[in-house]
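Q: These protein sequences, in sequence, are chains G and B.
So for the first sequence, my numbering puts the first residue at 2; every next one is plus one.
So for the second sequence, my numbering puts the first residue at 15; every next one is plus one.
None of these hints come from the bench; they were simulated from the model.
Please read all numbers here as calculations on a predicted model, not as lab measurements.
Here a beta-carbon is modelled for each residue, glycine too, at the ideal position from N, C-alpha and C.
Be aware that one or more of the hints could be misleading.
[What the hints assert, rightly or not] Interface residues of chain B toward chain G, partial, derived using beta-carbon atoms under 7 Å: (1) A53; (2) L56; (3) V58; (4) P99; (5) R102; (6) G232.
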Amino acid sequence: MSIDSPYTLLTAVTLAVIAPGVLAFAWDRGRIAGRIALVTLVVLTASGAAALQVNHLTATYPSWSALFGGPADDDPAGDAPAGGSILDAGAGKGRLATYQVPGPVSGMNMPLKVYLPAAYFTPEGQRLRFPVIQALHGYPGTPDYWMRRLDAVRHLDREITAGRMAPTVVLFPYQTPDGLVDTECTDLAGGPRAETYLTTDVRRWASENLRVRTDRTGWGLIGYSAGGFCATNLAVRHPDLYTAAASLSGGAEPGIKIGDGSEKTTNNIGWQLAHRPPPPVSLYLAWAADDGWARKAGQRVRRLAKSPTVVDTATVPRGGHTSSVWKQMEAPAFDWLSAHLAGPAPAGPPASTGPPAWPT
Amino acid sequence: MSLTSRSLIALTLLLAAVVAVVTVRWWRLRGRWRPPVRAAGLLVFEILVLAGIGLIVNRTENFYPSWQDLVEDDTTTVATTAPTPTGRLDTRLTTGPAVSWTPPETAQWHLHSPPTVVVPAAYRRYADRAFPVIAVLTTADRAAAARTRAESAADVLTVIVVPTRTTTAAGLSVLPGRLAADLRAAGTGWAVVADPAYTTLARQWQSLAPTRFRTVTGTFDDALAAAPPPLRAPVRLPS
């Protein structure tokens, strides 16, 4: 049984219900040690069931292996797509695979889920370099949240097939080596260097191993919740690397202390927009009207942004800070991003003729 | 009572305390009801404590602001697909790829001659897609070369503009909107390719429409490489 399966949760809830009954019946027959064991059983089963439900909601540990420090399970690859011209080549299912991406600069070494669009494998697509979107997860969370809770692959397939989005390679990187350490995609003082990993190591790996564009016009970011802050912050900090970013219920400042005080300055979007030359990036900020925190952040960024920074905003009427909101936002956000990124372009000297060994 | 109210949290924790007291008080209850009362008391206590913790976390993080958000996993999309784009001149673009474009405002732009619009073959084939635009600001003697280059570009609309000394960015400010009405032009991702003499004019023009013009460059190839693809109308949320 997988950690995320309904049967696992049902089993845990059943045990949590049975445990008080066991304690009630056995209490009078046990001695001190036995009673301590019974109480421990009740507490563990109840907290275990609650923890499994929280994990189901956040996809923090996508597998039992990940919970105990091992690698997350790989996703199966999809079917090979059909061929056609590039404007038609979107039809079909993309493939999702997981690669291990070392970070020689950052020191992080993490799995990377990669969505390769159907067109990537067509004869026409083999001669092209594709635009790239880095999709960033919230905290707590993992890249699996995009697949399990937000159904990102289906959304991408549908938008590309419909012609509302160009065939695009989407990277789903981890943002922390420790599920209990929130990096907000920054280089923590004395901690993980997530910003360096995402902007240098992952980017370099993708450019060397995938047929992707390498110029800033072909790179964008998207993220939900903390990942939304990540997307906007990285775009504002690195306009030389990214041309557009979409934030779904993201904040204007990190929810952590980075260790060097930069959460108030150079890792604070509001501060950067107010005190630094406006970066030439386009931002898409979406929030639910009843999510006060994200709404205020989005309105603040919109108010502070000056040309050439361009801000588009979008709202859903309600839904709070939940996956149901982000499910509604992701297709419009992907469409918006695609309209702001350069399209697939003829490949120059090939850095790669295909994806890396499949999958690792 | 609101899902994120302090009173709901207080009530939940108060109930947990009451259940704890009652369970302890009846722990030694005689007869066959002793085990069920203990089990029920423990179970209800557990549920109330976990609910209290959940309510506190939810109030802090504002995950579910209302009961409706909690109960309904509302994925009913409020997004709409924008109308399929159309250009007023679409039906008249039946001859060659390059046409002289003479909207009513042409005289106000103080150009050497009316702009030339170069339409790619894909424009007619993919009638439901909006195309990015490259605006070329060039001299009269280079206009023919610009047209030749534009005709070989597959997926962009090109408008070739030959300014004069009296052409201003302010005067040209209505051109993008007029072009977008006449042809299926994308809403963003446009580029201006400017001869060195017109770089200042190009930058001024860009600053008047920053959402539409993304880049100013000196070469057509650079503009073409940075152009977004022709896309169908996107799915949109309310703004």
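Q: Work down the list of hints and note, for each, if the structure agrees.
A: Hints, verified against the model:
1. For the restraint placing A53(B) at the interface with chain G, the shortest Cβ-Cβ distance is roughly 4 Å, inside the 7 Å limit, so the hint holds.
2. Interface restraint check for L56(B): the shortest CB-CB distance to chain G comes to about 4 Å, inside 7 Å, so the restraint holds.
3. Checking V58(B) against chain G by beta carbon gives a least distance of about 9 Å; that is not within 7 Å, so the hint is violated.
4. Against a cut-off of 7 Å between C-beta atoms, the interface hint on P99(B) is violated, since the closest Cβ of chain G lies about 12 Å away.
5. Because the smallest distance between the Cβ of R102(B) and any Cβ of chain G comes to about 22 Å, over 7 Å, the interface hint for this residue is violated.
6. Contact between G232(B) and chain G, as hinted, is not supported at the beta carbon level, the nearest pair being about 16 Å apart and thus beyond 7 Å.
Of the numbered hints given earlier, the model fails hints 3, 4, 5, 6; all others are met.
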